[in-house]
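Using the sequences plus the hints, can you model the full thing?
Protein chains: 2
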Amino acid sequence: MNDAAPISILIADDHPLFLKGLREIIEQESEWRVCGSAQDGQDALDQIVDTSPDIAILDINMPRLDGLAVARYIHERHLSTAIIILTMYDDELLISRAVSCGVKGFIIKESAIDDIIAGVETVARGGYFLSPRLSGRLFHGSSEHHILQNVVRMELTKMERKVIRLVSEDLTTRDIAEKLFISPKTVENHRSNICKKLKLHGKNALLRYVLEHKETLQRILQEC
Amino acid sequence: MNDAAPISILIADDHPLFLKGLREIIEQESEWRVCGSAQDGQDALDQIVDTSPDIAILDINMPRLDGLAVARYIHERHLSTAIIILTMYDDELLISRAVSCGVKGFIIKESAIDDIIAGVETVARGGYFLSPRLSGRLFHGSSEHHILQNVVRMELTKMERKVIRLVSEDLTTRDIAEKLFISPKTVENHRSNICKKLKLHGKNALLRYVLEHKETLQRILQEC
DNA sequence: TTTTTTCTGGGGGTTATCCCCTATATTGCT
DNA sequence: AGCAATATAGGGGATAACCCCCAGAAAAAA
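These protein sequence lines map, in sequence, to chains A and B. Read left to right, the first sequence gives residues 2 to 225 (the working numbering). Read left to right, the second sequence gives residues 2 to 225 (the working numbering).
The hints are simulated quantities; they were obtained by calculation from the structure and are not laboratory data. The hints are all genuine.
Which copy? The list can't say, so a pair holds if one copy fits it or any two copies do.
SDA-like, lysine to any residue: derived pairs with alpha carbons at most 20 Å apart: (1) 200 to 190; (2) 204 to 179; (3) 215 to 205; (4) 186 to 158; (5) 215 to 171; (6) 198 to 219.
Computed from a prediction, not measured in an experiment: that's the story for all the values here.
Given below as structure tokens:
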């Protein structure tokens, strides 16, 4: 960390308060420099492409383009900027998705300031960083979200994913049939197969399951 | 705001980053002074009792004691400190609860910095402040949470509340009947009456409704 | 090309929920 | 004491979801 040139860092968060706090923290370090800030993902991406900072610290929830979408873009085009993702929640599904988007660091916002600094430092040195609170649970076997990811993404077929998504949107079998231009009976078959694959038994089991994991499901099933 | 003595402000948030940002914003104003900061509610409360600041800005979600509990304590003992609550979400139920805890300001964290300053200023002058995004919807008639609060608490009878709570815990009519030592038919009647009062129609409407508002419901129905 | 999987339909059945009734006992309020 | 609301219980019916079976067509994989 004894380079002459300071490490350039772009920060992006739609919460002004957070942006302010983050900037203060970074500017306390003499070898770091905030080369830009953004309040939405698109602006952040444009600035990254323009100025190619060493590191970009992105909030995961931002207007126009979320942090992961920015990360995916950077990763696919092999740009040099290392991405650190900020999040409010320790959501394992997000972490695994982030890793596949080439994210180098994953920091939970409630971290102590020293932990945040340590994370940025690690990534600046070319390493990977996960907030302590996150990494603990990461290797803790099958979390709810892992089940969801594996089961919904891997085991379910395209049509089954479409159906389960529409179920989660409060549509009945008949509605789904109309929407997909297939017979209600076919939809029932799909429902039945979904229940088998997800090991759901009993009346309204699928409905309960789907409403219980509504947000997570709809996040996973965006592509359908 | 031309007093000689600066306005003393205590800030509390379990997110160090936020705390940092908040402190920076406040210290930019010459007539304001951060007289203390805390990362949990108990610490905040102790400091408020000790130093009686003019204003305390409290995050709603904090370890040990949440922001509303602190506000309630301050309010019940008629301490002079004015409370401003910070929150991530525009949850109307929280606002109404906060108002009954004597809270003077309610600021959503994603507000622009100027809005935050305006809010603190308003409360410092003895006024009440609600973030623009919040107040807009507050007077917008029947919000989801108002429906819940009014309908569930006021319109539903004791038994109906017990039943809807057990429905939200994934119990079937038969299970509920066994648990309450009444006939399944009675439970069905209660369900039916609940549906009428909540204006729910169609198959599984109650189940959908209840799962949709699970957390809110169980928060409201703690006493059952 | 052969094989497997998926998608598409259907028959027929059980059950839970919702919905419309009626009716009695109890509780609480005026 | 009388009235209203509530809790209890049931009859009977409609429908949606689940559950088992089967089978042909289409698509994907081997």
